[in-house]
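Residues per chain, in single letters:
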Amino acid sequence: MDFKHDAWFKPVTLAAIMALTLSGCNYEISPWATDPNCSNKVSIEYNLNRLAEFEEQVGVRDTYQVAIVSDPQSYPGAFENVIEHVNTLEDVDFILLTGDLADTGIKAEFEWVCTVMEKAKQPIFAVIGNHDALAFGKDIWSKYFGPEDYSFTYQNSKFIAYNDNKYEFANVPDRDWLAQETQGYEDRDFTIVTSHIAPWDSDLALSQELKDLGVDLGLHGHVHRFDFWQLFDVQLPHYEATFTKDESFGLLSVNPAGLTLENCTLSQCEVAQVRNR
Amino acid sequence: MILNKLFQKNRHFFVLSFLLVISFQGHGFGFSHIKGEEHFDIQSGSLMGLLHVSYVNEYDNQHSVLVGLGYIPKLSNHKEMLLHSLRYRYDFAKTWQVKDMILNPLSLGVGLLVSSHDDLFLDLPAQYPDGYYAPSAMRIIFNYQATLQIRPHFQAYFDVSVLDVGLISYIREPDFFYDNYDYLGLEGITNWGVGVRYGF
Numbered sequence: 001m002d003f004k005h006d007a008w009f010k011p012v013t014l015a016a017i018m019a020l021t022l023s024g025c026n027y028e029i030s031p032w033a034t035d036p037n038c039s040n041k042v043s044i045e046y047n048l049n050r051l052a053e054f055e056e057q058v059g060v061r062d063t064y065q066v067a068i069v070s071d072p073q074s075y076p077g078a079f080e081n082v083i084e085h086v087n088t089l090e091d092v093d094f095i096l097l098t099g100d101l102a103d104t105g106i107k108a109e110f111e112w113v114c115t116v117m118e119k120a121k122q123p124i125f126a127v128i129g130n131h132d133a134l135a136f137g138k139d140i141w142s143k144y145f146g147p148e149d150y151s152f153t154y155q156n157s158k159f160i161a162y163n164d165n166k167y168e169f170a171n172v173p174d175r176d177w178l179a180q181e182t183q184g185y186e187d188r189d190f191t192i193v194t195s196h197i198a199p200w201d202s203d204l205a206l207s208q209e210l211k212d213l214g215v216d217l218g219l220h221g222h223v224h225r226f227d228f229w230q231l232f233d234v235q236l237p238h239y240e241a242t243f244t245k246d247e248s249f250g251l252l253s254v255n256p257a258g259l260t261l262e263n264c265t266l267s268q269c270e271v272a273q274v275r276n277r
Numbered sequence: 001m002i003l004n005k006l007f008q009k010n011r012h013f014f015v016l017s018f019l020l021v022i023s024f025q026g027h028g029f030g031f032s033h034i035k036g037e038e039h040f041d042i043q044s045g046s047l048m049g050l051l052h053v054s055y056v057n058e059y060d061n062q063h064s065v066l067v068g069l070g071y072i073p074k075l076s077n078h079k080e081m082l083l084h085s086l087r088y089r090y091d092f093a094k095t096w097q098v099k100d101m102i103l104n105p106l107s108l109g110v111g112l113l114v115s116s117h118d119d120l121f122l123d124l125p126a127q128y129p130d131g132y133y134a135p136s137a138m139r140i141i142f143n144y145q146a147t148l149q150i151r152p153h154f155q156a157y158f159d160v161s162v163l164d165v166g167l168i169s170y171i172r173e174p175d176f177f178y179d180n181y182d183y184l185g186l187e188g189i190t191n192w193g194v195g196v197r198y199g200f
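These protein sequence lines map, in sequence, to chains V and G.
Counting with the numbering used here, you get residues 1 to 277 for the letters of the first sequence.
Counting with the numbering used here, you get residues 1 to 200 for the letters of the second sequence.
Quick caveat, the hints were computed from the structure, so don't treat them as lab data.
The beta carbon of each residue, even a glycine, is placed where N, CA and C say it ideally should be.
Some hints here could point you the wrong way.
As the list claims (entries may be wrong) - Distance windows between CB atoms, simulated:
{"no.": "1", "chain 1": "G", "residue 1": "G131", "chain 2": "V", "residue 2": "Q57", "range": "46 to 52 Å"}
{"no.": "2", "chain 1": "G", "residue 1": "G199", "chain 2": "V", "residue 2": "S39", "range": "34 to 40 Å"}
{"no.": "3", "chain 1": "G", "residue 1": "Y178", "chain 2": "V", "residue 2": "T265", "range": "22 to 28 Å"}
{"no.": "4", "chain 1": "V", "residue 1": "L266", "chain 2": "G", "residue 2": "D123", "range": "36 to 42 Å"}
{"no.": "5", "chain 1": "G", "residue 1": "G131", "chain 2": "V", "residue 2": "S39", "range": "33 to 39 Å"}
{"no.": "6", "chain 1": "V", "residue 1": "N87", "chain 2": "G", "residue 2": "G131", "range": "51 to 57 Å"}
{"no.": "7", "chain 1": "G", "residue 1": "D130", "chain 2": "V", "residue 2": "Q235", "range": "32 to 38 Å"}
What the hints assert, rightly or not - Once the Cα atoms are required to be at most 20 Å apart in a straight line, the calculated DMTMM-like pairs of lysine to aspartate or glutamate come out as:
{"no.": "8", "chain 1": "V", "residue 1": "K166", "chain 2": "G", "residue 2": "D119"}
{"no.": "9", "chain 1": "V", "residue 1": "K211", "chain 2": "V", "residue 2": "D201"}
{"no.": "10", "chain 1": "G", "residue 1": "K74", "chain 2": "V", "residue 2": "D139"}
{"no.": "11", "chain 1": "V", "residue 1": "K166", "chain 2": "G", "residue 2": "D175"}
{"no.": "12", "chain 1": "V", "residue 1": "K119", "chain 2": "G", "residue 2": "D175"}
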């Protein structure tokens, strides 16, 4: 069938080719490339500086909130909706992104997530998830985000992020490092740990170890649903935030009376009750 | 899981692909009535490697099966690797005469891309439970091509490709791409490449 005489064919064809030519503006030779277009705004170092500047600016705050956003993997749109909502919450001083930024560890997924992270008004700290280590994700992580284990102190509480992705990394979590980082807990208001995966069923002793190190709370993701549990004989609460596909997130309120956790959607929050297991 | 077992090793996949094309070609299984035209295809970019060489068998001027081998040089964080591909392309039969050349503005294709690298896997490494991850060394790729037939046996084409995860994400959350990328958000998922094709 020859359409060369159809009046509409030429302009439509030219327009289609031009649009596609211009839209496909990336010349990429590999689906497994390792250079997502992420700015330094997603790096842990950059956000630590932002948080330090913010703390200096606001001084002592008795009460503040931390948003716990998790597992945006493959749903950058829902992640964007959550971040845009968190941007409107004035009491949120920073965001913990508890892992699985990517799904298959490829460049494109990291690029989409970075696009959203860069829109966060508050400092945003990413914790490495098991999916982030797939393909060449480990390299992307170290280049654009930073260390897998890190800590910072904010308002006399210490937040310790550790890598607990046992299938993808050897010898995690680094228990010696955790012991070192938790030292001096008696002088702090709270010591809070965060990792993508809560203590594994095969390593529940970690919860007791963290409790013994003076840890007050664990914040995690991975399970794609809200959960808030503590081992009956340990009594160290572990909070797990659902994935952003649900357009939901966790909200930690820190105040002199203690720590409160809420399960939030974009329209409402509900206090999470810890269950014994 | 069946795919996992089917494509246990890249070389198996490559051999299987080659046999598939040969079988379509009718060189061993008695299907000589569907024997098509043979082409040699060289492509660059579009997620197919710095250079991707393919053997093409075209049937009925519209259906093409391609089996190819691509090369990705050492990048910043990984060593060089090879890509194996098995692709299908459908050429829409609408053409446009441009002087002595013929433009086929619309071809659509789909392909399976398998890489060989120590950090990627087809079979789950032993430490994982069954089904924990999909194979990280295998991707599905969709592509659009506009082809210009310059001489009777020589064609040049422009290619735009979309990776499986890109297409799925775009369909699932178009607003994210509209809001953050140009050209209806396609900028966020597409990649371009060019190639030439020679018919035997």
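Do the hints match the structure? See the list:
no. : hint                        : verdict
1   : G/G131 / V/Q57: 46 to 52 Å  : 49 Å, holds
2   : G/G199 / V/S39: 34 to 40 Å  : 47 Å, violated
3   : G/Y178 / V/T265: 22 to 28 Å : 24 Å, holds
4   : V/L266 / G/D123: 36 to 42 Å : 41 Å, holds
5   : G/G131 / V/S39: 33 to 39 Å  : 36 Å, holds
6   : V/N87 / G/G131: 51 to 57 Å  : 37 Å, violated
7   : G/D130 / V/Q235: 32 to 38 Å : 35 Å, holds
8   : V/K166 / G/D119             : 16 Å, holds
9   : V/K211 / V/D201             : 16 Å, holds
10  : G/K74 / V/D139              : 14 Å, holds
11  : V/K166 / G/D175             : 36 Å, violated
12  : V/K119 / G/D175             : 16 Å, holds
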